[in-house]
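The primary structure of each chain is shown beneath.
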Amino acid sequence: MSAITSPLAQTPEAWSLPYRGKVGMACLIIAESAIFTIFVVAYLFYLGKSLTGPTPREVLETPIFYTICLLSSSLTIHLASRFLERGKRSAFLGLWFLTIVLGGLFLFGTGQEWHRLIYERGLTISTNLFGTTYYSLVGLHATHVTVGLLMLSVVLLFGLAGRVGHEQSARVEVLSLYWHFVDAVWVVVFTVVYVLGR
Amino acid sequence: MSSDVMAIQTAEGAARPWVETLHEWATTVDHKRLGILYILYALFFLVVGGIEATIMRIQLMRPHNDFVSPQVFNRMFTMHGTTMIFFVVMPIMFGFANYLVPLMIGARDMAFPRLNAFSFWLTALGGILLYFSFAGGSGLYGAGNAPDVGWWAYAPLTSRAFSPGHSTDYWTIALLISGFGSIGTAINIIATILSMRCPGMKLSRMPLLAWMTLVMSGLVLISISPLSAAQIMLVVDRYLGGHFFDTQAGGSAAIWMHFFWIFGHPEVYILVIPAFAFASEIIPVFSRKPIFGYPVMVAATVCIGFIGMSVWAHHMFTIGMESSANAFFVLTTMAIAVPTGIKIFNWLGTMWGGKIQVKTPMLFCIGFLFQFLIAGLTGIMLGAAPFDWQLGGSYFVVAHFHYMIVGAILFCVFGAVYYWFPKMTGRMLNESLGKVQFWLFLIGFHLTFDFMHIPGVLGMPRRIYTYEPGRGWDSWNLIITIGAFIQGIATLVFVANLVFSYFKGTKAGNDPWDAWTLEWSVSSPPPDYNFASIPMVASRRPLWDRKHPEDPDSRYE
Numbered sequence: 031m032s033a034i035t036s037p038l039a040q041t042p043e044a045w046s047l048p049y050r051g052k053v054g055m056a057c058l059i060i061a062e063s064a065i066f067t068i069f070v071v072a073y074l075f076y077l078g079k080s081l082t083g084p085t086p087r088e089v090l091e092t093p094i095f096y097t098i099c100l101l102s103s104s105l106t107i108h109l110a111s112r113f114l115e116r117g118k119r120s121a122f123l124g125l126w127f128l129t130i131v132l133g134g135l136f137l138f139g140t141g142q143e144w145h146r147l148i149y150e151r152g153l154t155i156s157t158n159l160f161g162t163t164y165y166s167l168v169g170l171h172a173t174h175v176t177v178g179l180l181m182l183s184v185v186l187l188f189g190l191a192g193r194v195g196h197e198q199s200a201r202v203e204v205l206s207l208y209w210h211f212v213d214a215v216w217v218v219v220f221t222v223v224y225v226l227g228r
Numbered sequence: 026m027s028s029d030v031m032a033i034q035t036a037e038g039a040a041r042p043w044v045e046t047l048h049e050w051a052t053t054v055d056h057k058r059l060g061i062l063y064i065l066y067a068l069f070f071l072v073v074g075g076i077e078a079t080i081m082r083i084q085l086m087r088p089h090n091d092f093v094s095p096q097v098f099n100r101m102f103t104m105h106g107t108t109m110i111f112f113v114v115m116p117i118m119f120g121f122a123n124y125l126v127p128l129m130i131g132a133r134d135m136a137f138p139r140l141n142a143f144s145f146w147l148t149a150l151g152g153i154l155l156y157f158s159f160a161g162g163s164g165l166y167g168a169g170n171a172p173d174v175g176w177w178a179y180a181p182l183t184s185r186a187f188s189p190g191h192s193t194d195y196w197t198i199a200l201l202i203s204g205f206g207s208i209g210t211a212i213n214i215i216a217t218i219l220s221m222r223c224p225g226m227k228l229s230r231m232p233l234l235a236w237m238t239l240v241m242s243g244l245v246l247i248s249i250s251p252l253s254a255a256q257i258m259l260v261v262d263r264y265l266g267g268h269f270f271d272t273q274a275g276g277s278a279a280i281w282m283h284f285f286w287i288f289g290h291p292e293v294y295i296l297v298i299p300a301f302a303f304a305s306e307i308i309p310v311f312s313r314k315p316i317f318g319y320p321v322m323v324a325a326t327v328c329i330g331f332i333g334m335s336v337w338a339h340h341m342f343t344i345g346m347e348s349s350a351n352a353f354f355v356l357t358t359m360a361i362a363v364p365t366g367i368k369i370f371n372w373l374g375t376m377w378g379g380k381i382q383v384k385t386p387m388l389f390c391i392g393f394l395f396q397f398l399i400a401g402l403t404g405i406m407l408g409a410a411p412f413d414w415q416l417g418g419s420y421f422v423v424a425h426f427h428y429m430i431v432g433a434i435l436f437c438v439f440g441a442v443y444y445w446f447p448k449m450t451g452r453m454l455n456e457s458l459g460k461v462q463f464w465l466f467l468i469g470f471h472l473t474f475d476f477m478h479i480p481g482v483l484g485m486p487r488r489i490y491t492y493e494p495g496r497g498w499d500s501w502n503l504i505i506t507i508g509a510f511i512q513g514i515a516t517l518v519f520v521a522n523l524v525f526s527y528f529k530g531t532k533a534g535n536d537p538w539d540a541w542t543l544e545w546s547v548s549s550p551p552p553d554y555n556f557a558s559i560p561m562v563a564s565r566r567p568l569w570d571r572k573h574p575e576d577p578d579s580r581y582e
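Sequences listed follow chains A and B, in order. Sequential numbering from 31 applies to the first sequence in my numbering. Sequential numbering from 26 applies to the second sequence in my numbering.
Be careful, since some hints might not be right.
[What the hints assert, rightly or not] What follows is a list of derived Cβ distance ranges for each label pair:
id : chain 1 : residue 1 : chain 2 : residue 2 : range
1  : B       : 139       : A       : 131       : 26 to 34 angstroms
2  : B       : 153       : A       : 177       : 56 to 64 angstroms
3  : A       : 92        : B       : 318       : 31 to 39 angstroms
4  : A       : 45        : B       : 360       : 34 to 42 angstroms
5  : A       : 48        : B       : 331       : 20 to 28 angstroms
6  : B       : 318       : A       : 121       : 52 to 60 angstroms
7  : A       : 145       : B       : 153       : 37 to 45 angstroms
What the hints contain is simulated information worked out from the structure, not anything from laboratory work. Just so it is clear, the structure is predicted and the values come from calculations on it, not from any experiment. Positions of the beta carbon are idealized from the N, C-alpha and C atoms, including for glycine.
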């Protein structure tokens, strides 16, 4: 009995909790996944239910090159944040810039595809159910890529101004988590739209 | 006994210009102030939603009444439902979570204070947009003003052809925006609980309120998002000519129902789990016993969270699903009764053998226990598909879910206000006015919602603006309306008590209820930084340990 004078005085040995930025981003990813799930479900549910053409089989072409671009940007951003952790800032900046270029290429690819679909194939969001679900699902993903690119560019600008050092690596890691998520969503969207959907 | 808080007196003597105070509140990122803003905002809309309910009840008081037109009646039930769910109960729960969670887990603020402010103002903007529709909803066509599509907004009623003008757009955009606000707050709460706990505050020692808020926030993440997705689809349909819910182009009206109720049913648990949280903090303190079955309570909450995600289509039995789907959703709905039953027994077990102090917060919680049980029982009745085929869409359903939302959730909210008002303002709410309010509200509640089951069983459909005399519904409806007025008077007593006690209430001191969680260890109201030195915790009742160093809980855990 005598040992305990005040229970509050005991110091727990090691008290470490997860980094709040990571937890926050993980939660955002869960919420975003739920949004994408609903759009994917709608896409799958309406497959082949359009009353008029064109159908996915007629008009969609698999964007292999741009997919490779986006997926490899996951690797470059991962390496970039690794370099930042070790304090190698120029390598970080180079790879970070490369990530933005790859993401930009992907977005360009989406734009090109949409241009072709709208002006050559006459498929708009109001043409049929396929158009509605296709543009909203791919568009939702492209919106996320755009937001990601904007945030990556902000980091790049700060980096060029010399404000991003290895003290910021935990925050940069949070952003790269988001970018990985955007890539992972594309894997699902690609599978659903270009593989299963045709 | 040493206090964690040094008495730092601000120069309150010199009155500051009110603009400065207003500016401080509008730009605040302090979790306590944002919590209070959430609560005040919700209480304001509680009165607004209550007025809408009263208008409906006056209209239905007798057959062939013409107090309001059918169009206005439709707007009233739509606005009443939307307001009460999204702009009363959700913000008030977020308000309490905001205020209490950092204090209870020994943190100085939320994980992301600015996100917190941003989320609140998004929610506020949502509510303002919804009500702006009364003025701005006519659009170019001059058709309609406030939304009148019901709070489910079933397709195809929401399509351009059947909802011209902008009223439905205001509804959609308001919910989309406030939904983003809710998701932001949920992210914040989870990050706070997982990353900001004070040393020694293991997950297994967290106050139940923090645990339940954690589960509620998880549910917000996975169920508000589908609603946002569905709202985006509706905007695509209405503005870009999409066909998601357009049956003319092969779209499906049923898929809106699924998307809506994938949100809509977990939403019920988003609302009720914080009510459980209040009961789990209040009942032990006024029974002078620690909560009975803490780990089981946590497990049951998590269990409700999971099962709650898989019951949504019991709202859709009447649309004619396959029998296998019906069977699945009947079974999952029945399964929910198990963890909720466990909870009721745990609260009773806490009260059993305790020295029960019948103060106002406890009165409301006892009312909650009783009414929550009945609401759960009618829920099981409606959860059986054949019974639902008979009574779905009738006043029986309305009575059932109001029993849950008013009888269980609102009672707990009143209890929570009486319990934590001293902490937030430094003054006690008046106990006699509190008891008057409790009994008035209890009588009004039972007059309204007990008797509302009967016209439902007699076949009175919901959402009708009037009815023929001589169907056996007349006197029941009169009683329901009288009950609604008594509830309205009780709410006025409550508002009067809030205002009166804020200025004239007796001083509360740090710990008026002799409670055990960390928020009572600091002054009332707590200082901006909450804790001068971050506390260390060795048990589930840190303040008990501090008050009883000779027999601390930590010895038994």
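Structure versus earlier hints - violations, ascending order: 2, 3
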